[in-house]
Amino acid sequence: MDFQPTEDQKALCEGIRSFVEGQVPNERFPELEKSQGFDRALWSELAEMGVFALRLPEDEGGVGLGYSDAVLVFEELGRRLVPGPLVWSHLAAGLVDGAATGETVVGGLDLTSPDPQPLLVEHLESLDVLLVLRRDGVYRVDPRGLAAKPVEVPLDPLTPVHEVDSLPEGERIGDAAAAARLRLEGAALVSGLQLGLAEGALELANAYAKERQQFGRPIGGFQAVKHLLAEMFIKQEAARAGAYNAGATLDAPEVADVERAVASAKVTAGEAAIRNARTGIQVHGGMGFTWEVMAHYFLKRAWVLENAFGTQDEHAERIAEILEASLG
Amino acid sequence: MDLRYTPEEKKFRDELAAWLAAEVPAHGKPPSVHDWPARRAYDTSWQRKLFDAGYAGINWPKEYGGRDATLVEQLIYFEEIAKANAPYVGVNFVGLLHGGPTVMAEGTEAQKQAHIPRIIRGDEVWCQGFSEPVAGSDLAGLQTRAVRDGDHYVVSGHKIWTSFAHVADYCELLVRTDPEAPKHRGITWLIMPMDLPGIDIRPLPTLEGEGEFSEVFLENVRIPVENRVGEENDGWRVTNVTLRFERGTAFASDMIQLQAYVRNMVRAAKKITSHGASAWEDKALRREIGHLYGELESLWAMVKLSVCEAKATGVPGVGASAVKLYYTDVYQRATELSIRLLGRAGLSRSDVGDLSSHLFWNRHFNAISVSIAAGTSQIQKNIIGERILGLPKEPKAAGA
Ligand SMILES: Cc1cc2nc3c(=O)[nH]c(=O)nc-3n(C[C@H](O)[C@H](O)[C@H](O)COP(=O)(O)OP(=O)(O)OC[C@H]3O[C@@H](n4cnc5c(N)ncnc54)[C@H](O)[C@@H]3O)c2cc1C
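Same order as they appear, the protein sequences are chains A and B. Sequential numbering of the first sequence, starting at 1, is according to the numbering used here. Sequential numbering of the second sequence, starting at 1001, is according to the numbering used here.
The set of hints was computed from the structure by calculation and includes no laboratory data. Some hints here could point you the wrong way.
[To be verified] In silico SDA-like links for lysine to any residue, alpha-carbon gap of 25 Å or less:
1) B:LYS1112 / B:TYR1088
2) B:LYS1283 / A:PRO114
3) B:LYS1283 / A:GLN312
[What the hints assert, rightly or not] Covered, in the sense of this in silico footprint (three residues per stretch, anywhere, with C-beta under 8 Å from a C-beta of chain B), are these stretches of chain A:
4) 4–12
5) 47–58
Even for Gly, the Cβ is constructed at its ideal location relative to N, Cα and C.
Using the sequences and the hints given, assemble the complete structure.
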């Protein structure tokens, strides 16, 4: 067993990180907001970097890597708040033609949750295909003809949302097991994004704490602030362990209970993303309450992701079921 | 990132599990927590069995009688010890995880010969005489004085919270040898035999009412100079060698055991009724327990990551502080939840009906101590803020 990222994995992260730092700098956010968080050119480049084809076997035109690699990639995307239906398009590679290459933009709706109302679809206007997960299977729906209206004010300025009045059944392209599997994989990848958010929020707050002076000292020298940042670090490291564990367990399912590992990741990383975003705003003081400072983007994205592929509460309930069953 | 075990690692696990399955039940139930001589006998005789079977000093070099197991084997060891509900180090804590490793790293050949084989066989119990009434978090402010007199140090002072002092044979003792020097530069590390004249051990009941730790008063205790580990006035550096070991994997087995604790909590929740239904039928409770259990899985993954990092760099990673703090947090929330679950049965620290009040309260009290012992949570957060996040340092006291 060696749980550390390998040299290859570190190189993969480096590559993605420098790419997204170059392509999605802070200065681009106002423009991305205008284009509703979607840019086809950026999408194609992400596809070229292998973000969508990452786990597709090489003989199918993919990169042939595993879940742990994917979690690491999504960590980098989350850290830089890269927008778009990233997880759905990644999941759709091999399932929907053109998803892997970025030519077909795939979004989705997870209706396996106990109570999925209202029907809110993210990024609808950018989608070529909408995947719908129902308890009995995976369905492919044409997003274009959908009776849907945009919500007036989406929470995350980079995640536009439509409310769908009625959803056609669509074409069934996978069975119940496939739907459950996609939900599981989706939750693991989202935990990678959430880990990235937790890290990004800490980086931002830590830099500010060193630069902002009050009472003649950097605020990070005040213990109340220092301890807030230390708590963010702890949450980040717990989220890292949880998300990596989900990826590595999906890669080696014989070692442990995959469902438990993924649900644990979603719980730990979800909490880290939300808490670190909140604390990050607090560390910024009044500036943290402005649109201009990036801190609020982390909070808003954290809540979008909290509601993707099962909330902390849903996953906690699932863990409790697994735990109860293990008592025999 | 590969969670798969090698055939050798699997073999190690299987053999250990089989050995534990036979030996743990044979070792009998632990004695009453109040019966210290019995506790010492229980823990040291278990240590002897581990030694005879080749499982003692799991991370110690072979030349000192240890197993020199790989870090991954150590993780497996902690998992299996916890799964089998085997006795953990108990009174051997300081000798095995603290004093022993320090003597190995910094001691003379004679010191190693005198102590290491006895510690690993369970023949010798150690305690830690670091903290003083005036020197807790600010350990370097300690005042116990040692004056050289020929080939002895004459030591007077007052140590406090000394765990296992009343059953220990030796004490790793920090003393001040140079009161004029800056406070970190006048400290010396000594091995003190606990049967020397002038040592007065007075019980200091914990909030549990039992004596895990004591106060130790020293009056003109004559400690041979040959018992010094490291150079005179170099004790702070030697101490930091010790502390690094302490923050490594000292709590690993407890973390796994906490999973079993949560499972016990579920068993209790199924027995407890409120409003005519079992407490377990309460969705809010199931969520809370599920959340905690999920965090425990992440915590163990955190240990694995930190250990694998240590494998690459040779020292416990900087992340060790984060692991301890996360553990402390989850541990305290989990045990507090079990107390909430007890409701009025929690008015009793002995079992009422078939509920494990005593177990729940013992563990909750222990959880509370974990954010104080071995560096308080506040001090650990300072360490993370300064050494990892690069924030400005805390103000230093005058004379530091
Ligand atoms: C169960 C148990 C077993 C122990 N066993 C041993 C043992 O075997 N041997 C031994 O030598 N010691 C032992 N100790 C002592 C332990 O190491 C000390 O209690 C600990 O280091 C804290 O010191 P203190 O109690 O003097 O608290 P203080 O240092 O007085 O701290 C009091 C409070 O102030 C806070 N504080 C102090 N300084 C700072 C700062 N710079 N920044 C922010 N907050 C600060 C602390 O976090 C704490 O909340 C044990 C303690 C416990 C609880």
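**OP:** Any hints from earlier that this structure breaks? Give me their numbers in increasing order, please.
**Re:** 5
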